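Chemist: Those sequence lines, one after another, are chains A and B. Residue 482 is where the first sequence ends in the numbering used here, and the numbering goes up by one at each step. Residue 482 is where the second sequence ends in the numbering used here, and the numbering goes up by one at each step.
Treat the hints as calculated values from the structure; they're not laboratory data. All figures in this text were calculated on a predicted structure; none of them were measured in a lab.
No copy labels: a pair is met if it fits in one copy or bridges any two.
In silico DSS-like pairs for lysine-lysine, Cα to Cα no more than 30 Å straight-line: (1) K401 with K325; (2) K229 with K324; (3) K447 with K432; (4) K285 with K123; (5) K120 with K294; (6) K285 with K212; (7) K259 with K229; (8) K447 with K64; (9) K365 with K432; (10) K432 with K212; (11) K212 with K359; (12) K229 with K212.
The lines below spell out each chain.
There are 2 protein chains.
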Amino acid sequence: MEKLNISRLKEIVGEKNVKDDPADLYIYGTDASVHQAMPWAVVRPENAGQVQEIMRYANSEKIPVIPRGSGSGMCGQTVPVNGGIILDMKRMNKILEINLEDVYCRVEPGVIDDDLNKALKPYNVFFPPTPASSIIATIGGEIANNASGVRSVKYGAARDSLLGVKLVLASGDMISFGTTTRVEASGYQIERIIAGSEGTLGVIVEATLKFVPLPTIRCLGMTNFNKLEEAGDSISEIMASGCTPSMLELVDNVAIKAINNALKLNLPDVDAILIFEADGMVKEAVDFEITKIKDICETHGGFGTELSFDEKERERIYTGRKKLFPSLSKYKELMPSTSLADDMTVPYSKMAETTRKIHEIAKQNNIIMSAYGHCGSGCMHTKILMDTTKSESWKAAEKAVAQIYEYVNSVGGTTSAEHGIGISKAPAFKIEKAASLELMRGIKKAFDPNNILNPGKLQDASDDWLNATKLRYTVSDKCE
Amino acid sequence: MEKLNISRLKEIVGEKNVKDDPADLYIYGTDASVHQAMPWAVVRPENAGQVQEIMRYANSEKIPVIPRGSGSGMCGQTVPVNGGIILDMKRMNKILEINLEDVYCRVEPGVIDDDLNKALKPYNVFFPPTPASSIIATIGGEIANNASGVRSVKYGAARDSLLGVKLVLASGDMISFGTTTRVEASGYQIERIIAGSEGTLGVIVEATLKFVPLPTIRCLGMTNFNKLEEAGDSISEIMASGCTPSMLELVDNVAIKAINNALKLNLPDVDAILIFEADGMVKEAVDFEITKIKDICETHGGFGTELSFDEKERERIYTGRKKLFPSLSKYKELMPSTSLADDMTVPYSKMAETTRKIHEIAKQNNIIMSAYGHCGSGCMHTKILMDTTKSESWKAAEKAVAQIYEYVNSVGGTTSAEHGIGISKAPAFKIEKAASLELMRGIKKAFDPNNILNPGKLQDASDDWLNATKLRYTVSDKCE
Numbered sequence: 003m004e005k006l007n008i009s010r011l012k013e014i015v016g017e018k019n020v021k022d023d024p025a026d027l028y029i030y031g032t033d034a035s036v037h038q039a040m041p042w043a044v045v046r047p048e049n050a051g052q053v054q055e056i057m058r059y060a061n062s063e064k065i066p067v068i069p070r071g072s073g074s075g076m077c078g079q080t081v082p083v084n085g086g087i088i089l090d091m092k093r094m095n096k097i098l099e100i101n102l103e104d105v106y107c108r109v110e111p112g113v114i115d116d117d118l119n120k121a122l123k124p125y126n127v128f129f130p131p132t133p134a135s136s137i138i139a140t141i142g143g144e145i146a147n148n149a150s151g152v153r154s155v156k157y158g159a160a161r162d163s164l165l166g167v168k169l170v171l172a173s174g175d176m177i178s179f180g181t182t183t184r185v186e187a188s189g190y191q192i193e194r195i196i197a198g199s200e201g202t203l204g205v206i207v208e209a210t211l212k213f214v215p216l217p218t219i220r221c222l223g224m225t226n227f228n229k230l231e232e233a234g235d236s237i238s239e240i241m242a243s244g245c246t247p248s249m250l251e252l253v254d255n256v257a258i259k260a261i262n263n264a265l266k267l268n269l270p271d272v273d274a275i276l277i278f279e280a281d282g283m284v285k286e287a288v289d290f291e292i293t294k295i296k297d298i299c300e301t302h303g304g305f306g307t308e309l310s311f312d313e314k315e316r317e318r319i320y321t322g323r324k325k326l327f328p329s330l331s332k333y334k335e336l337m338p339s340t341s342l343a344d345d346m347t348v349p350y351s352k353m354a355e356t357t358r359k360i361h362e363i364a365k366q367n368n369i370i371m372s373a374y375g376h377c378g379s380g381c382m383h384t385k386i387l388m389d390t391t392k393s394e395s396w397k398a399a400e401k402a403v404a405q406i407y408e409y410v411n412s413v414g415g416t417t418s419a420e421h422g423i424g425i426s427k428a429p430a431f432k433i434e435k436a437a438s439l440e441l442m443r444g445i446k447k448a449f450d451p452n453n454i455l456n457p458g459k460l461q462d463a464s465d466d467w468l469n470a471t472k473l474r475y476t477v478s479d480k481c482e
Numbered sequence: 003m004e005k006l007n008i009s010r011l012k013e014i015v016g017e018k019n020v021k022d023d024p025a026d027l028y029i030y031g032t033d034a035s036v037h038q039a040m041p042w043a044v045v046r047p048e049n050a051g052q053v054q055e056i057m058r059y060a061n062s063e064k065i066p067v068i069p070r071g072s073g074s075g076m077c078g079q080t081v082p083v084n085g086g087i088i089l090d091m092k093r094m095n096k097i098l099e100i101n102l103e104d105v106y107c108r109v110e111p112g113v114i115d116d117d118l119n120k121a122l123k124p125y126n127v128f129f130p131p132t133p134a135s136s137i138i139a140t141i142g143g144e145i146a147n148n149a150s151g152v153r154s155v156k157y158g159a160a161r162d163s164l165l166g167v168k169l170v171l172a173s174g175d176m177i178s179f180g181t182t183t184r185v186e187a188s189g190y191q192i193e194r195i196i197a198g199s200e201g202t203l204g205v206i207v208e209a210t211l212k213f214v215p216l217p218t219i220r221c222l223g224m225t226n227f228n229k230l231e232e233a234g235d236s237i238s239e240i241m242a243s244g245c246t247p248s249m250l251e252l253v254d255n256v257a258i259k260a261i262n263n264a265l266k267l268n269l270p271d272v273d274a275i276l277i278f279e280a281d282g283m284v285k286e287a288v289d290f291e292i293t294k295i296k297d298i299c300e301t302h303g304g305f306g307t308e309l310s311f312d313e314k315e316r317e318r319i320y321t322g323r324k325k326l327f328p329s330l331s332k333y334k335e336l337m338p339s340t341s342l343a344d345d346m347t348v349p350y351s352k353m354a355e356t357t358r359k360i361h362e363i364a365k366q367n368n369i370i371m372s373a374y375g376h377c378g379s380g381c382m383h384t385k386i387l388m389d390t391t392k393s394e395s396w397k398a399a400e401k402a403v404a405q406i407y408e409y410v411n412s413v414g415g416t417t418s419a420e421h422g423i424g425i426s427k428a429p430a431f432k433i434e435k436a437a438s439l440e441l442m443r444g445i446k447k448a449f450d451p452n453n454i455l456n457p458g459k460l461q462d463a464s465d466d467w468l469n470a471t472k473l474r475y476t477v478s479d480k481c482e
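So here's chain A without its partners, still in its complex pose:
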């Protein structure tokens, strides 16, 4: 702290773009997770040149630097566990180029996902990863977390839409990786590991992105199941059947109850609901997909199917899923929804078993957990509902999180689907990736020999998330 030269930082970005009062530091010291730690300063660069100057200064003084977008991370990715400078990238929010004839765009890292898609819409194209937080999530943050969302089942994650990045290294050097073309076979395609690196390898100052045609026709469906296992079997069969849904979502009974409590939607109080969508340019093709999906669901016991091509109807059907995360917070008095064990992937055939396992682990530990997610891409989300004012709740949560990821690992899943690792998933991540942690440290060293970029994360994170930072005893109300 004391070694930080605030006036040097003010020289680089200007007086008003450096914050060091406790109120600001407190806010910038957390995100949508349960974690909180105080940075030494918040610096808001306006361009790549300023980022380079900041990095040169920080590297010479070995001061930690944590790049940050909107702070919508669910597991503490941008929480400064070792203090240092929070690099708020939101001022770098220009869309630099939309190139239609070569089918790519170039953006600064602080561009908000929804703003990019608003800018692309007139050209009938879109940038597909679209996490549920797209109203606030920045492109830089989406790349750093390899974010994805409900449509990743058809359109892939952030990394799959990433053609190139311009990166400022810890040294202050700036390097461009990747290309503007669709394929590349020119050695190590480093941009592919920048995606998912959570700010540990460099500061993204520009991204070159693919965009794809905006479908003109969508059909949304919802089917109820009395048994989770019937929904699970449907998921495997849909994905193996040659269907390409543009959405395939599982909602469990805990979530259904929460949604009904919060929104009075009177969804049927069933064991599970599947929500699915097909999109395209030709009605017959969308019909073909949606009918196939509906038939598979109903063969496995799905009932009360609703289907609609109409935009307003689709919105109505989707309301519950859309409001699921905030609804969970209202599940029960003193039972805030806590972002822990917040995401994971498991093979399609394990979706139902995983949901049951999550409920069972919750029960054992005397907490409530919901399971839902983008099952079409193998992604499962949970939240822990507990009295966050009681330390025994946290002990129980700690145990539940460990048990859940032990199970996920045992069935060939992975610790994070799209929310990243941060702090609360780090112990599970380090168990899952134990064999490659040294290699990851070697890669990190090649980029950041002084270990100043988001230190104490991923392979270098604490194995004890409960004591790694202060814990926020509050309700997170970010959208899921």
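Dock chain B against the given chain A, drawing on the hints supplied.
Modeler: For chain B alone, coordinates are given in the frame of chain A:
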């Protein structure tokens, strides 16, 4: 050489799986490129355990090891510039698992692409990268080169179908990277840089791959253009229009002449031909795509369009493109087709200009060059037709190659689309990636501290390809 202990290698893989007679060493010392260098021995492991033992031995003695599939590389990727052991992976050719409910398969690296697709066909799914050499190309080689092919415009490259790899490091340690699920956000996704690493980071001993639904309907089209620029404009507009062609191929006039000479197909002697395909599950959707593509081509001056849904007709229309590479070898007496400047990418809007530029550079250097390729993914291929018995031809080729990649770099393209870097493209690669070579060396060091895995390639390759190895003064007749 003298430090190699042949009997130690025979202990590991058995007498008959170690070759060190000059005839074998000569054959294994080259590939589909112009390069030739003698390895010290060829070793043919049967399983991952043997690969680990070989690596432990080689690492302790600091002996170079070059993993090799079928040797169909176009630019010398597996040519042992520093001698050492060629690790022939073709005996590890088992398809380990085809998991339909979880929608992935696991294979050994020596599995031939066509054999995998034969095994997947009964389930109506396929592994999409499919390079033109799929009849011989191994999955391990395709991953190591991030190979792709005519359908990469819709289905992506090898890396895009790669979910995970099991890698034996230089140390002999074996590590699994990736997962079986569709999305992952768990730290550095290292499998993504294994794709394209050309055997410099580890030996792939297993791969987990996505497969996708096999389309039930295909329509192929071919249109003629009197002006290359008209074909070029069509490409940009098709890719920006919301079409998703499953193939979009450019063939230039040099290639057309070569095809007509070799196959007597009487293709019209026009400036350029575009070949395009749409695929899907629903006729109306395929119709929609193919009609849109056809209309765009004809708006830009395309004429004599042929279209067919019929398999035999499609084969007839495609014959010329399919036989293009061998046909080029028969373009003129003493003008063998030489694999130099064999691939590159350029933005869609530069396809026509690039083709003109290639012809112009060829003329300046008194050689003949053809330009063609998978323009839907930005991929352009060339071959140099020259009298390979004359050293002045090679001097001219050296100059032409440098001029072509200088141009490609100037328009924002990249040195390799799908054939990799190897030896003959390394100088251009090192110019293109100059800023990141040190970082690449750092990554290489993390994987292979003694630099024994395919040394002298990529970031460490010679800047003088003409003198880096012996040159094969023969005609390459591998399929393109």
